[in-house]
Amino acid sequence: MKELFRLFAAFFKMGLFTFGGGLAMLPLIQRTVVEDYQWMTEEEMIDCIAVTQAMPGVIAINAATYVGNKRKGFTGALSATLGVILPSFIVIILAVLFLGAIGENRYVDGAFTGIKAASCGLILYSAYKLGKQTINGWLAGILALASFIPVAFFNLNAVFAILCGALIGYIAVVIKSARDKKGEQEGDKKR
Amino acid sequence: MSSYIFLFTMFLKIGVFGFGGGLAMLPLIFQTVQAAGFMSAAEFSNLIALSQVTPGPMAVNAATYVGFHYGGISGAAVATFGVAVPSFVIVIVVSAFLSKFHESKVVIGIFTGIRPVTVGLVASAVIVVGETVLWRGGRPSVVPFIIFALSFLLAAKFKVSPIKITILMGVAGALMCS
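One line per chain: the protein sequences are A and B, in this order. Using the working numbering, you'd call the opening residue of the first sequence number 1 and step up by one each time. Using the working numbering, you'd call the opening residue of the second sequence number 1 and step up by one each time.
Okay, chain A solo, but in the shape it has when bound (with noise of 0.2 Å):
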């Protein structure tokens, strides 16, 4: 019981102070898991952070599910999940409230106005790092353009676009190992 309601505080906390989503959690989630609490070793978290960004869903919650699954079995699960998903929660509803009692106010509006600018820009980084990591051929970039200008531009169903790149990235490991096969048979026969 003990053990359950530390996973809920320290996912709480997690939840509470990370902005900018659960990419950006990811470090502090290491951090706080493997160094402070010593819960998993740092082989561990490196599986564990590559289910959680494998797997569809959202990241802190793969993440949360992960380690207390791995500590306490479903309970643990629960408990650390429940943590990471209340302070949004609260935190949402109360902004929310807070804006509906401030009403229309020109100076919130420009705030806003303000912010998703900002957010345009930091979006555009965040697409432009991920592309950085993740783009190391023409196949890659081709998938990344395939997707983006039909679903910016042209109101493409996102999940067509998720199932398009599983469909094509599972045909190219289908022709990989189909050539590699047939190089070890004309590799057997010059033997």
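Worth double-checking, as some hints may not be accurate.
[Said to hold, decoys possible] Here are a few chain B residues that face chain A, going by a calculated C-beta distance under 8 Å:
(1) Leu50
(2) Pro55
(3) Ser74
(4) Gly75
(5) Ala76
(6) Gly170
[Unchecked claim] Within a straight-line C-alpha distance of at most 27 Å, the following computed DSSO-like cross-link-like pairs (lysine-lysine) qualify:
(7) Lys105/B x Lys70/A
(8) Lys13/A x Lys2/A
(9) Lys100/B x Lys176/A
[Stated by the list, open to error] Restraint ranges, calculated between C-beta atoms of paired labels, are given here:
(10) Lys132/A x Val160/B: 17 to 23 Å
(11) Glu43/B x Leu139/A: 35 to 41 Å
(12) Val160/B x Lys181/A: 49 to 55 Å
(13) Glu42/A x Lys13/B: 31 to 37 Å
(14) Gly137/B x Leu145/A: 24 to 30 Å
Because the hints were derived from the structure by calculation, they are not lab data. Note that beta-carbon positions come from the ideal geometry of N, C-alpha and C, so glycine has one too.
Fit chain B to the known structure of chain A by using the hints.
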């Protein structure tokens, strides 16, 4: 009741197909919420602005915001629950088969294909949010455009933290866009 089920399944779908974190999920969230007629593009960009200055995962912020608009606290709870369930279930299942997951060429191939798509999706999030704020009547709005360019530069070139940039530009907006 049926409207709560609708809200739940809407965010469940976002949780299942949302790859690559909050920013990559943005176009998906926007399309889903807009298709349901819950929110205009302008309202949606308010949600993004709010997400930037409040803590926590973007998708949870979005689910709470949309759910609360739609059905108060219970709506917020239903939507948040919907977006969290896929993560929760998938991660528990995958951790049980972790070694198989690492070795499977098919799984690796699928994720190699999805990753570049998420880059494109993050880039389209710029357009989704930018459409409502950077342009007015077909022409670029000057001050927001300068803020946009400056924010990118501060983050990319001078490594200023996103939250500092956001607060700074919020103040700049309050002074110059009001």
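Here's how the hints hold up against the structure:
no.: 1; hint: Leu50; in the structure: 6 Å, holds
no.: 2; hint: Pro55; in the structure: 5 Å, holds
no.: 3; hint: Ser74; in the structure: 12 Å, violated
no.: 4; hint: Gly75; in the structure: 10 Å, violated
no.: 5; hint: Ala76; in the structure: 6 Å, holds
no.: 6; hint: Gly170; in the structure: 4 Å, holds
no.: 7; hint: Lys105/B x Lys70/A; in the structure: 25 Å, holds
no.: 8; hint: Lys13/A x Lys2/A; in the structure: 16 Å, holds
no.: 9; hint: Lys100/B x Lys176/A; in the structure: 20 Å, holds
no.: 10; hint: Lys132/A x Val160/B: 17 to 23 Å; in the structure: 19 Å, holds
no.: 11; hint: Glu43/B x Leu139/A: 35 to 41 Å; in the structure: 37 Å, holds
no.: 12; hint: Val160/B x Lys181/A: 49 to 55 Å; in the structure: 51 Å, holds
no.: 13; hint: Glu42/A x Lys13/B: 31 to 37 Å; in the structure: 36 Å, holds
no.: 14; hint: Gly137/B x Leu145/A: 24 to 30 Å; in the structure: 29 Å, holds
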